[in-house]
Amino acid sequence: MGIEGIGARVARKEDKRFITGNGRYVDDMVVPGMKHAAFVRSPHAHAEIKKIDVSRAKAMPGVIDVLTGKELKADGIGNLICGWMIHSKDGTPMKMGAWSPLAFDRVRYVGDAVVIVVADTKGQARDAAEAVEVTYKEKKAVTEAVAALKKGAPQLHPEADSNLIYDWEIGDAKATDAAIASAAHVTTMKIVNNRLVPNAMEPRAALGHYDKGEDHYTCWTTSQNPHVARLVMSAFYNVAPENKLRVIAPDVGGGFGSKIFIYPEELVCLWASKKTGVPVKWVADRTESFLTDAHGRDHYSEVQMAFDKDNRITGFKVDTVANLGAYMSLFSSSVPTYLYATLLSGQYNIPAIHANVRAVYTNTAPVDAYRGAGRPEATYLVERTMETAARELGVSPAELRRKNFVTQFPHQTPVIMCYDAGDYAASLDAAMKEANYADFPARKAAAAKKGLLRGIGMSCYIEACGIAPSAAVGSLGAGVGLWESAEVRVNAVGTVEVLTGSHSHGQGHETTFAQLVSDRFGVPIDSVSIVHGDTDKVQMGMGTYGSRSGAVGMSAIVKALDKVEAKAKKIAAHLMEADEGDIVIENGALKVAGTDKTVPWFQMALAAYTAHNLPSGMEPGLKEGAFYDPSNFTFPAGCYICEVEIDPDTGVTKIIQFVAADDFGNVINPMIVEGQVHGGIAQGVGQALLEGAHYDASGQLLTASYMDYTMPRADDLPSFKVSTSNTPCPGNPLGIKGCGEAGAIGSPPAVINAITDALGIADLTMPATPQKVWAAAQAVKH
Amino acid sequence: MSDVSLTVNGRKVSASVEDRTLLVHFLRENLGLTGTHVGCDTSQCGACVVHVDGKAVKSCTMLAAQASGSTVVTIEGLADGADLHPVQAAFKENHGLQCGFCTPGMIMSATDMINRHPQGLDEATVRAELEGNICRCTGYHNIVKAILAASEEMSKAGKGKAKKAA
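Listed in order, the protein sequences are those of chains W and Y. The numbering of the first sequence is my numbering, which starts it at 1 and goes up by one. The numbering of the second sequence is my numbering, which starts it at 1 and goes up by one.
Derived by calculation from the structure, the hints in this document are not laboratory data. It cannot be assumed that every hint is accurate.
Ranges between beta-carbon positions, derived for each pair [unchecked claim]:
id	chain 1	residue 1	chain 2	residue 2	range
1	W	P241	Y	G10	45 to 51 Å
2	W	R126	Y	Q119	44 to 50 Å
3	W	K244	Y	G54	26 to 32 Å
4	W	R126	Y	T61	15 to 21 Å
5	W	P670	Y	D122	25 to 31 Å
6	Y	D122	W	R126	40 to 46 Å
7	Y	G54	W	S396	27 to 33 Å
8	W	V652	Y	T61	39 to 45 Å
9	W	R126	Y	G10	46 to 52 Å
10	W	D629	Y	T61	47 to 53 Å
11	W	Q408	Y	G120	36 to 42 Å
12	Y	E29	W	P241	32 to 38 Å
13	Y	E131	W	K89	48 to 54 Å
Among the chain Y residues that face chain W by a calculated CB cut under 8 Å, a handful are [unchecked claim]:
id	residue
14	V17
15	D19
16	L84
17	K92
18	F101
19	E131
Cβ coordinates follow ideal geometry from the N, Cα and C atoms, glycine included.
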């Protein structure tokens with residue numbers, strides 16, 4: 001490794017522009033003639049639209065046009081779709097209800113877009129939006145998934161009887177039932193996974209620009225995957241053919257999943273730009289973000305875990321109801337199925353697993369992937385159940401886990417996944433050592449003397465990243481392949497441009513991807529530029545989510561680097577009249593091994609472009625592309641330990657320490673990896689202690705601003721103790737597993753295990769707010 | 001309409017703006033200083049923090065007209081030419097940012113915090129004083145580290161007081 005190569009703790013190249021105020025986000029973009037949009041949104045959770053009167057709004061100052069869903073439909077713009085087909089266990093396809101980008105006959109959640117107003121200024125657009133008169137006939141709403149399945153519940157979509165989208169299963173029901181029937185012990189739990197709002201700090205935004213002269217559209221959008229946006233908007237929404245649509249995702253201020261999906265607004269801004277003849281920009285305010293960004297989680301599950309007399313797990317049975325909100329968002333169907341139930345084996349040998357999942361419509365914002373996407377929900381079930389089982393069985397939580405760990409690899413679980421590598425005991429040992437677990441009883445006793453309740457909890461998570469082998473996901477219903485592309489261009493002076501289909505919105509790709517090149521060719525990372533986020537620059541890509549940019553995105557770059565290296569060595573061998581097999585690259589030069597013959601990197605590059613002296617038949621230039629399709633998922637895993645102290649008089653939970661011991665495979669930049677873990681833990685702790693999207697019975701979102709939805713703040717969290725003990729992933733060239741979501745996956749059960757340990761109670765529904773903790777503490781006391 | 005006249009990053013600027021124009025919108029839209037961000041509209045997130053007459057202010061909570069006559073420093077005006085301000089340098093050195101959206105507000109708040117504590121800072125104080133700035137990426141771990149490092153650097157260099165006027 002060079003000082004800037006693989007494994008080096010290099011400060012980020014991209015930071016310069018962000019710390020000096022020179023980042024370029026969508027809201028910073030200005031196009032000549034640009035106007036501003038505001039959306040009229042449904043104030044009701046469920047209603048029929050009787051009439052839309054835009055006449056008063058159209059006459060307001062500065063208004064250019066006011067457009068409705070009927071006009072959009074008349075222009076042939078398609079409905080929004082879900083791109084992953086799930087079949088129910090009876091073989092019928094999932095029931096996808098129609099989702100018009102602008103509702104024209106019915107609204108199904110508070111925030112459903114109805115009308116777009118375009119005006120000279122943002123203020124004028126908002127004023128005019130207030131003047132649009134929509135006459136609604138209210139209908140009864142239902143916001144909870146279990147209630148939505150009940151007889152007599154309000155019905156959202158004619159396509160979905162009883163609001164049921166699918167009734168899906170995985171695993172062996174018979175074998176699992178048999179395991180439970182013959183078990184020495186069965187742990188039974190009812191578990192809620194609370195609904196969250198992703199809350200990237202940059203609100204969603206879109207700028208649509210139709211160029212009449214070229215009959216060409218450009219869309220600047222806050223996307224994690226601009227190529228997928230272009231594909232979907234072209235192929236399904238009839239905005240324009242791909243060659244007539246450029247999608248640019250410039251600097252994007254966080255995503256966490258919520259910016260994967262194609263939302264109505266970017267589509268409507270593009271269409272409105274053509275209708276009005278002006279570029280149209282829309283930027284969400286925070287309450288719009290709360291109302292309309294895809295939410296995360298929201299599961300209700302009943303589980304049974306069976307143990308034999310030696311405390312070995314013999315079966316795990318799960319019945320889940322998943323709330324998907326009012327419409328099926330782009331990847332919503334895959335989250336509570338293949339991204340969830342396939343991880344229910346956890347880190348354990350479980351011979352029989354069965355999961356049944358019912359996905360349900362409700363009058364709430366659409367629910368889709370949020371950091372972890374299905375894997376946090378699975379981990380929460382497995383690790384809460386293991387903890388409870390250990391308490392019921394009267395054994396140490398660590399030893400119950402250790403006894404059941406998978407130790408032989410590859411390991412085929414009963415739920416599709418084949419774990420390729422790992423050392424779960426190593427992470428457990430590392431975390432327990434770092435947390436000084438053995439001395440916990442003394443700390444607990446000391447706290448008790450002060451009237452405080454100490455608890456400790458652990459969580460041994462596993463997740464699946466690097467999504468995913470295209471053929472495999474295709475067979476499971478995915479509408480796209482999940483490979484990644486890269487192109488490496490060596491310029492005539494030896495500087496390098498890497499074009500990638502991955503998208504960086506905080507992950508530091510401009511640094512880590514450059515480290516790969518530096519490692520390979522010995523050039524400084526400042527000589528390497530990473531190009532991403534623009535469909536006119538990068539031909540195709542699948543974007544960044546599911547911790548895939550390392551395992552998949554960088555693997556594509558490695559393939560392209562292999563090709564560049566091979567050609568570079570041929571050129572160098574020719575220049576030095578040596579055998580190409582003898583050429584090595586060291587410190588920015590190509591050398592003939594064992595001799596003093598050397599050609600500097602830039603000179604070789606120049607030779608490639610002057611083409612005065614190339615091997616016979618070789619094309620000039622030095623530029624290679626590659627597509628990489630993964631052979632398997634990757635399986636990051638680890639152990640998290642949380643120690644809390646509760647003041648029973650106030651209900652306030654203080655995190656005394658949080659330890660994370662992760663196995664991410666090989667690491668390119670440890671500083672960036674640690675940062676990913678910190679952020680993930682903060683979101684997981686947020687879920688466990690603070691955050692929850694709460695709708696009232698009429699479907700109003702009560703937590704729709706930072707005044708109401710508790711975001712983790714600096715004084716809610718401790719500094720974290722993070723470390724890695726890595727087993728390289730055998731499935732990709734860099735041995736990378738992925739690190740983006742682990743923190744959010746592993747931490748919620750560790751926190752709740754600690755709190756229930758402190759309080760001596762069986763369960764507490766997240767978020768464990770001071771009010772809930774106080775009530776639980778009082779109930780225990782009395 | 002209101003006539004406003006103020007000094008922004010050392011430059012005198014005047015304009016006639018709608019009465020309801022917020023300082024943040026004036027900075028972003030009239031002056032093109034897009035480093036100051038809007039993240040929440042309710043004065044919670046702190047992405048819009050700038051310095052008005054030497055104090056950290058949420059520019060989404062102040063009308064441009066209220067700032068008339070004031071001296072404003074935004075993230076674009078914090079560095080001394082090509083030399084980063086110690087807080088900017090510390091954020092980079094300590095990986096105190098990821099997506100960068102909250103970063104300008106964080107840096108402006110942190111600078112103010114350090115200026116108000118020339119005797120130095122500890123972790124608990126930094127965490128408590130960051131109450132008005134939300135970050136969704138970093139879990140605050142490295143932001144806290146960066147602010148502590150910058151505080152130390154600035155007190156060594158005797159810059160804590162000197163920068164107070166900025």
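Q | Interface hint status, D19(Y) versus chain W (Cβ within 8 Å) | A | Since the shortest Cβ distance to chain W is 11 Å, the answer is violated.
Q.
Holds or violated: the 48 to 54 Å window for the beta-carbon distance between E131(Y) and K89(W)?
A. holds (50 Å)
Q. Should the interface hint for L84(Y) be scored as holding, given a Cβ-Cβ cut-off of 8 Å against chain W?
A. Where the cut-off is 8 Å and the nearest Cβ of chain W is about 7 Å from L84(Y), the hint holds.
**Q.** Range agreement (Cβ of G10(Y) with Cβ of P241(W), hint 45 to 51 Å)
**A.** holds (50 Å)
Q. Does K92(Y) pass the interface check with chain W, least Cβ-Cβ distance below 8 Å?
A. holds (4 Å)
Q) Does the hinted range 39 to 45 Å hold for V652(W) and T61(Y) at CB? A) Distance hint for V652(W), T61(Y) is violated at roughly 28 Å.
Q: Starting from the range 44 to 50 Å, see whether the pair R126(W) and Q119(Y) falls in it by beta-carbon distance.
A: holds (46 Å)
**Q.** Interface hint outcome for E131(Y) [beta carbon to chain W under 8 Å]
**A.** Hint holds; E131(Y) Cβ to chain W Cβ min 6 Å, cut 8 Å.
Q) Does F101(Y) meet its interface restraint, that is, does its C-beta lie within less than 8 Å of any C-beta in chain W? A) holds (3 Å)
Q | Distance restraint hint 46 to 52 Å, applied to the beta-carbon atoms of R126(W) and G10(Y) | A | The hint (46 to 52 Å, Cβ to Cβ) is violated, given that R126(W) and G10(Y) are roughly 34 Å apart.
Q) Taking the beta carbons of G54(Y) and S396(W), is their distance inside 27 to 33 Å? A) violated (57 Å)
Q | Proposed interface contact between V17(Y) and chain W, which counts if any beta carbon pair is under 8 Å | A | violated (11 Å)
Of the numbered hints given earlier, the model fails hints 3, 7, 8, 9, 11, 14, 15; all others are met.
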